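Asker: Protein sequences appear in the order of chains H and S.
The numbering used here numbers the first residue of the first sequence as 1 and each following residue consecutively.
The numbering used here numbers the first residue of the second sequence as 1 and each following residue consecutively.
Just so you know, the hints here were simulated from the structure itself, not pulled from any lab data.
The structure displayed is predicted, hence computed values, not measured ones.
Not one of these hints is a red herring.
Taking CB as the label site, the calculated pair distances span:
hint, chain 1, residue 1, chain 2, residue 2, range
1, H, M1, S, M188, 28 to 34 Å
2, H, V103, S, G94, 37 to 43 Å
3, S, M188, H, R20, 30 to 36 Å
4, H, R178, S, M188, 27 to 33 Å
5, S, G185, H, Y11, 22 to 28 Å
Cut-off 30 Å, straight-line C-alpha distance, at most; resulting in silico cross-link-like pairs (BS3-like, lysine-lysine):
hint, chain 1, residue 1, chain 2, residue 2
6, S, K173, H, K120
7, S, K173, H, K107
8, S, K173, H, K72
Ideal Cβ placement from N, Cα and C applies to all residues, glycine included.
Residues per chain, in single letters:
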Amino acid sequence: MLVLDRLAKVYPNGVHALERFSAEIKQGEIIAIIGGSGCGKSTLLRAIAGLDRATRGTVTLDDIVITGPHAKIGIIFQEPRLLPWLSVADNIGFGLSDAPSRVRRDKGAAALARVGLADKAKAWPRELSGGQAQRVAIARALVPQPEVLLLDEPFSALDAFTRRDLQDHLLDLWADTRPTLVLVTHDVDEAVVLADRVLVMRPRPGRLFDEITINLARPRDRHSAAFDNFKRRVMTALDRSLDRNVPDREGKSMSGEAMWW
Amino acid sequence: MAMTVELPIRENADVTASSAPSGRLPRWARPALGLLLPLGLALAWEIIVALGLSNGRLVPPPTKVFATIAELARSGELARHITATLTRVLAGFGFGVIAGTLLGAVSGYWGLARRLLDPTVQALRAIPSIAWVPLFILWLGIFETSKVALIAVGVFFPVYLGVMGAILSVDRKIVEVGRAFRLSGPAMIRRILLPAVLPAYVVALRVGLGLGWMFVVAAEFMGASEGLGYLLVDGQQLGKPAQILAAIVIFAILGKTTDWLIEIASAPLLRWQDAFGRADGAA
Chain H
1 MLVLDRLAKV YPNGVHALER FSAEIKQGEI IAIIGGSGCG KSTLLRAIAG
51 LDRATRGTVT LDDIVITGPH AKIGIIFQEP RLLPWLSVAD NIGFGLSDAP
101 SRVRRDKGAA ALARVGLADK AKAWPRELSG GQAQRVAIAR ALVPQPEVLL
151 LDEPFSALDA FTRRDLQDHL LDLWADTRPT LVLVTHDVDE AVVLADRVLV
201 MRPRPGRLFD EITINLARPR DRHSAAFDNF KRRVMTALDR SLDRNVPDRE
251 GKSMSGEAMW W
Chain S
1 MAMTVELPIR ENADVTASSA PSGRLPRWAR PALGLLLPLG LALAWEIIVA
51 LGLSNGRLVP PPTKVFATIA ELARSGELAR HITATLTRVL AGFGFGVIAG
101 TLLGAVSGYW GLARRLLDPT VQALRAIPSI AWVPLFILWL GIFETSKVAL
151 IAVGVFFPVY LGVMGAILSV DRKIVEVGRA FRLSGPAMIR RILLPAVLPA
201 YVVALRVGLG LGWMFVVAAE FMGASEGLGY LLVDGQQLGK PAQILAAIVI
251 FAILGKTTDW LIEIASAPLL RWQDAFGRAD GAA
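Using the sequences and the hints given, assemble the complete structure.
Answerer: Dropping the structure here:
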C-alpha cells in the first residue's frame, strides 16, 4: 500500500506547486494522474520517487516513510534517459549494479527479450528509435522488480501509433509481476486505457480535484461505448477542474483564492 | 505493428545520413587528398630551385631539408634534441594535466570551491603565459625546472577549463537517473560523471598538448643547449635555414604523432559518440 498523506510542496520562489494531496494506492493498482499544466502532477511524482522532498506531508510505502530514492520504487521519465556510453544491454543492467555479473546478464537478457529488443543488446542508445529507447527505459526500470513504478508522461514524446503500442505493451509487462503503477499523463485516452483509477488534479495550487474509478475489464476496447463514456467523464472533470469557481472535493469554494491569484 | 513498418526506413536513413558527409571517396583516398596540396607545393618548389629560377638559399628545397634531417640523424644529434624536447613536453604536460584535472574537477563538482578558486584562475589565465618566463628563471633557474614549469602552465589552463566546463555541463537528467538508482557518491562519479565528461576531457587534453608543444619552443628559446628549439635558434644565428626547416618539420611530425596517440588511446572509450561524418557511425 502506497499512502500519500497531505503532501505539499512550496518551491523556494514561493510557488505552491502542491497542496494537501492525499491518496491511498493499493498494491498492484494502476493510477493515472491527469490535470492541466501547473497542477503539480510532476511535482507529486517526484516527491513519491524521493527525488524531491515534499515541503509537508509524507509518502509511505508498506509502512516505510520514503525520504529519498528507494529500491522498491522505480521511475520512468518522459525521455528515455539512457546512458549514451553504455550498450542497450548494459543500460538495462544499470539498475542491477549490486548483483553479480552473471545474474545481471541473465536478467538483463530476459528483460530485453521481454520488451522485444533481444537483437538490440549490443546497440548503442543513439541507434534506437524513440519507441525502442523508451522500451529499453521501461525494461531498465522493471529489471530490479520494483513494487511501485512511477511514469512521468512516458509516451508523450512518441507518435500516436508507437504510443498505443507501448501502452498495450506496458499492460503486458505489468501483468508479469503486477507492480503498482502511478502514471502522470495529459492524455485522457491513455488514462482510460491504463488506469484502475484516474485522479484529476486542479492547478494553482495543485490539489486533488476528482477521482474516477474505471471498472472496465482488460484488455479494454478503445472503441466501445463504455470506454467513450469514461473518457467523457474524465474530460468533463478536467474541464471543471480548470474552472476556478467550481468547489473542489473538500467543498470549499476556490473563488476567493482565484481572485487572489 | 507500427514499429515494424517504420523501423527499417529509419535505419536506412541513418546509414545514408552517416555516410553522406564522407562523400563517395574510398577509405584510403581521404588522407591522400589531404596530402595533395603540401606535396604539390613541395614538389613545385623543388622543381623551381632545380631549374635555377630561385637559388633556394633562404627557402631551401625539400631535398635539402631532408638531407639536413638525415645528417642530424646520422650524427646522433637528432635523437639527442628530440629526446630533450620530448622529455620537457611530456613532463610539463604531465604536471599540467594533473594540476588542471584536479583543480578543474574540484571547481566543477563543488560550487564553493568554484567561487573560491575560479576567479583567481581566470585572472591568472588572462596573463600571457610567456610573461612568466623571467619570474620562472629567477625562481627556478635557467635549467629544466623553469622550462617544465612554463609548459605545465600552458597545459594547465585548457585542461582546467575543459574539466570544469565538462562537469558543469553534465546533463542533470542523466545525473537524476543515477540518483533514482541510488548510486553512492563515488559510484555516481565513476559511473555517470566520468563517462559523461570523457569526450570533453579528451578534447581538453589535445588542446593542452598542442599548447605544450607551443610552449616548449618558447621555453627552449629562453636558453637551452639542446632540444628542437635550440636547433631553431642555432639555425638562425648561424644562417642555416635548412636546419630551421628541419626542426619545424620534426616539430610537426612529433606534434601530430602525440596528438594522434591521444586520439587512438581514447577512441575505444568514445565509440558511443554520435560523431558527424563518422563512416562507421551506423555500424
